[in-house]
Every structure is written in C-alpha cells, then in structure tokens.
Amino acid sequence: MSGAMRCPVDVLTGFLGAGKTSLLRRLIAEGALRDTAVLVNEFAALPVDNRLVSMAGKPVGLIGEGCICCVTDGNLRAALIGLLDARERGTMPAFSRVLIETSGLADPGAILAALAADPMLKARLSAGRVVTLVDLVHGEATFDDAAEAIAQIVAADAVVFTKRDSASEGASDRLVGRIASLNPLAVILPEQVENPFAWPLTGAGDVLRHRALRRFLAVPAETRHGGIAAGLLTAETPVEWSRFAAWLSLLLHRHGAAILRMKGEVAIRGDGAVSAVMVQSVRHVVHAPEHLARAEGTALVVIARGLEPAAIEASFRRHVTGEAGADQQHRVAV
Amino acid sequence: MCGLCGSFTDLSWSAVPTLAARPALGRARLAEAASRLAAGSGVRVSAWGQGFRVTGPTGRTALVADLAALWAAVDRLGRSSPDPLEGVA
Numbered sequence: 001m002s003g004a005m006r007c008p009v010d011v012l013t014g015f016l017g018a019g020k021t022s023l024l025r026r027l028i029a030e031g032a033l034r035d036t037a038v039l040v041n042e043f044a045a046l047p048v049d050n051r052l053v054s055m056a057g058k059p060v061g062l063i064g065e066g067c068i069c070c071v072t073d074g075n076l077r078a079a080l081i082g083l084l085d086a087r088e089r090g091t092m093p094a095f096s097r098v099l100i101e102t103s104g105l106a107d108p109g110a111i112l113a114a115l116a117a118d119p120m121l122k123a124r125l126s127a128g129r130v131v132t133l134v135d136l137v138h139g140e141a142t143f144d145d146a147a148e149a150i151a152q153i154v155a156a157d158a159v160v161f162t163k164r165d166s167a168s169e170g171a172s173d174r175l176v177g178r179i180a181s182l183n184p185l186a187v188i189l190p191e192q193v194e195n196p197f198a199w200p201l202t203g204a205g206d207v208l209r210h211r212a213l214r215r216f217l218a219v220p221a222e223t224r225h226g227g228i229a230a231g232l233l234t235a236e237t238p239v240e241w242s243r244f245a246a247w248l249s250l251l252l253h254r255h256g257a258a259i260l261r262m263k264g265e266v267a268i269r270g271d272g273a274v275s276a277v278m279v280q281s282v283r284h285v286v287h288a289p290e291h292l293a294r295a296e297g298t299a300l301v302v303i304a305r306g307l308e309p310a311a312i313e314a315s316f317r318r319h320v321t322g323e324a325g326a327d328q329q330h331r332v333a334v
Numbered sequence: 001m002c003g004l005c006g007s008f009t010d011l012s013w014s015a016v017p018t019l020a021a022r023p024a025l026g027r028a029r030l031a032e033a034a035s036r037l038a039a040g041s042g043v044r045v046s047a048w049g050q051g052f053r054v055t056g057p058t059g060r061t062a063l064v065a066d067l068a069a070l071w072a073a074v075d076r077l078g079r080s081s082p083d084p085l086e087g088v089a
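Taken in order, these protein sequences are the chains called A and B.
The first sequence begins at 1 in the working numbering and counts up one residue at a time.
The second sequence begins at 1 in the working numbering and counts up one residue at a time.
These are computed hints drawn from the structure, not numbers from a lab.
You may find that some hints are simply not true.
Using C-beta positions, here's what the derived DEER-type ranges look like [said to hold, decoys possible]:
#, chain 1, residue 1, chain 2, residue 2, range
1, A, SER96, B, ARG76, 40 to 48 Å
2, B, SER46, A, ASP144, 47 to 55 Å
3, A, ARG77, B, ARG76, 26 to 34 Å
4, A, ASP145, B, SER81, 32 to 40 Å
Don't be surprised by glycine CBs; every beta carbon is placed ideally from N, CA and C.
Make a model of the complete structure from these sequences and hints.
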C-alpha cells in the first residue's frame with residue numbers, strides 16, 4: 001500500500017476557551033508547524049499574512065515559518081480536498097501534515113470518522129493525533145454540562161491541561177481521574193510540553209500496555225458519565241484473525257454508533273507463528289491495522305456509550321477466543 | 001451508512017495479516033467465520049472472486065466486496081439480523 005504518500009491529519013480540540021488558539025499561535029511563532037497546513041475556523045486570531053490569497057475561492061494565508069493557514073468555513077471536506085489538490089498541482093507550498101483546529105463545540109471523533117469514510121479523502125489521508133486541551137478552571141463544570149467536552153476526551157490521544165495559574169487546588173488531580181475513566185487511552189502530557197503533536201506517544205504496543213492499561217486498571221469504578229463505559233478485551237492465547245475480523249465487523253455493523261472507540265493489540269496465530277497487530281476503530285470505521293514488532297498478548301480497550309462492556313467482553317470470548325468464564329477484574333464503569 | 005470499508009487505506013482492514021501471500025485462503029477463512037456468526041439467520045457465506053457470496057435461506061444470492069457489504073446483505077437476505085451481543089451475559 002502507498003502509505004508513504006498519505007498525509008497525516010492531526011486534530012487540535014478542546015472546549016470553548018480552553019486555549020487552542022493560544023497554543024496554535026505559540027506553535028506557529030516557534031516554527032513548530034513548518035510543512036503543516038493548518039485548517040482553522042477563523043483567521044482573526046492568528047498572525048496570518050495574505051501573500052497567498054485564494055484557493056478555489058477559499059481564503060488561504062501564509063503564516064510565519066512557511067505554515068499554510070486555511071479557513072474552513074465549516075466545510076472541512078471541501079477545504080481538505082482543495083488543499084490536497086493545490087499541493088498536487090504545485091500551486092501551493094508543499095506540506096507534509098495537516099492540522100485541524102476544531103471549533104470548541106466539535107466532536108473530533110465524528111470528524112475523523114467522516115474523513116476516513118470519505119471516498120475522495122480516505123486514500124489521501126492517514127490518521128494523525130488528536131490533542132485535547134482541558135481548561136483546569138472550567139474543566140470539571142464543562143464535563144458535567146457539555147456532551148461535546150466528553151466527546152473531545154473520548155477521542156483524545158493526548159490531553160494537555162491549560163490555565164493552571166488560575167485553577168483551584170486539586171483540580172488537575174480530579175480531572176486526571178475523570179479523564180482516565182473516560183478514556184484510558186489518552187496520555188496526559190506535561191503542561192509545559194513544547195509541541196504536543198511531536199511528543200512521543202503510542203504506536204508501539206509498549207506504551208499502550210505499560211502506561212495506559214496500568215492506569216486504566218488502577219482507576220476505581222465511578223458513577224457512569226453519560227452512559228459511557230470502558231472495557232478491556234483480553235485473550236489467554238493468540239486469536240484467529242478471521243474470527244476476530246468477522247466478529248468485529250458484525251459488532252460495528254450492528255452497534256458502531258455506540259462503540260465510540262477501540263484501540264489495542266491483538267496477538268494472532270497463523271501458519272505456526274504468532275504475530276501482533278495494533279487495531280484502532282472510531283465508531284464504524286476501522287483504521288488499517290499496524291503490524292507490531294513483538295507479540296505480547298491481546299489487550300483491546302473498548303469505549304462505548306449505552307452498551308455494557310461486560311456484554312462486549314462476553315461476546316468476544318464466545319465468538320473469538322472460545323474461552324469460557326468472565327474475568328471481571330478488568331471492568332470499570334465511568 | 002456503514003463506513004466500515006472506509007479505513008484510511010485502499011485495502012480492506014480485514015485482510016488476514018498472516019495470510020498476506022495467500023489472499024484467497026484468507027477470504028475463505030473470513031467467509032467461514034462470517035457464516036458461523038450468521039448461522040441463526042439461515043444465511044451462508046462463501047469466498048467468491050475478490051469478495052464474498054451471500055446466500056439466503058430462499059436461495060437468493062448477493063455478491064459483495066467486503067465485510068461491511070456482507071453484513072448488509074445478510075440483513076437483507078436472512079430471516080433475522082445477527083447480533084453478536086445477543087444472548088451473552
């Protein structure tokens with residue numbers, strides 16, 4: 001497959017006032033977004049100059065250090081197609097990544113799922129990283145009131161706290177607990193991180209296994225939040241890929257809208273050897289599995305809304321592993 | 001719309017990784033596994049060309065390219081819609 005030609009798409013998200021534009025301004029000023037096309041909702045707050053003024057009728061600007069900035073006008077699909085077409089025609093400076101700054105009320109999981117299913121875009125893009133900013137002053141209240149803020153946490157690969165100077169004592173500890181129980185896959189980055197899109201994250205099974213899963217298992221059960229719950233699928237022995245793929249495809253066909261996210265390793269057996277792949281899905285969409293260097297067992301985190309993790313785990317055992325009996329110690333309600 | 005086939009790749013995500021050199025065998029195994037899951041609906045699934053053949057209890061048949069289309073065909077042709085969460089704890 002021609003994966004090298006695909007353009008990774010990163011997403012910067014966070015609720016209204018979380019500090020997305022401030023972070024973008026800093027990254028631009030520091031030159032961290034060289035070779036990146038940035039899609040924003042408005043130019044106003046960014047140091048854009050208008051050396052490059054139009055792309056199929058859409059405003060485009062060049063910002064410091066060669067970063068391209070494009071206003072989405074709410075039509076992200078059209079903006080992305082325009083950017084990629086212009087790059088291929090050579091009518092725009094080359095870029096190697098795309099960074100989308102969402103609005104404060106956006107659901108980044110839904111955005112990525114839509115892009116991944118788009119026939120005009122899916123072959124030209126690859127999934128990058130979702131970084132979610134959480135305001136330590138208003139974060140807890142926002143989680144209580146806004147479903148969008150929860151969706152932004154569920155979709156996150158990394159979380160960065162902002163506004164610590166004005167926050168009450170203990171706010172970050174409480175938020176760490178809530179974030180871990182909503183999305184055990186999200187890594188909370190140091191607040192002074194220079195560039196959260198360059199910070200080393202998963203991609204190797206090691207991080208998932210040692211950091212996210214350990215934290216996940218350590219989180220005590222809490223009150224359910226909006227019907228969102230996370231579960232862990234494990235297998236004693238390597239599984240047969242065809243059984244897993246058929247089961248997962250039917251599960252997502254029937255319940256994809258409720259399975260917000262799935263990520264982890266699957267150890268598979270075949271032809272006398274055991275290998276491992278990293279599997280990721282967002283709602284109905286399964287990303288291309290990545291081969292892992294080492295097979296160390298199956299551990300898949302599932303985040304669902306309105307479905308019992310225990311039922312998914314039992315279904316996995318019945319249809320994929322054939323193992324009897326439940327291992328309830330890995331369950332956590334959030 | 002089910003976007004299962006819409007992974008960030010031209011290839012189906014479900015291709016059997018350990019059988020990359022023998023895709024026909026991989027499809028046969030996927031068809032066998034799908035048949036087991038669809039058994040209650042009276043539907044049979046077999047590998048066909050680059051995709052799958054889905055045959056309903058009345059003999060009506062659909063040819064599909066991938067697993068997403070396969071389950072849509074099973075829903076259309078079968079007596080019932082299989083649900084992997086049905087009957088589990």
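* **Those earlier numbered hints the structure runs against, lowest number first** => Failing hints: none at all.
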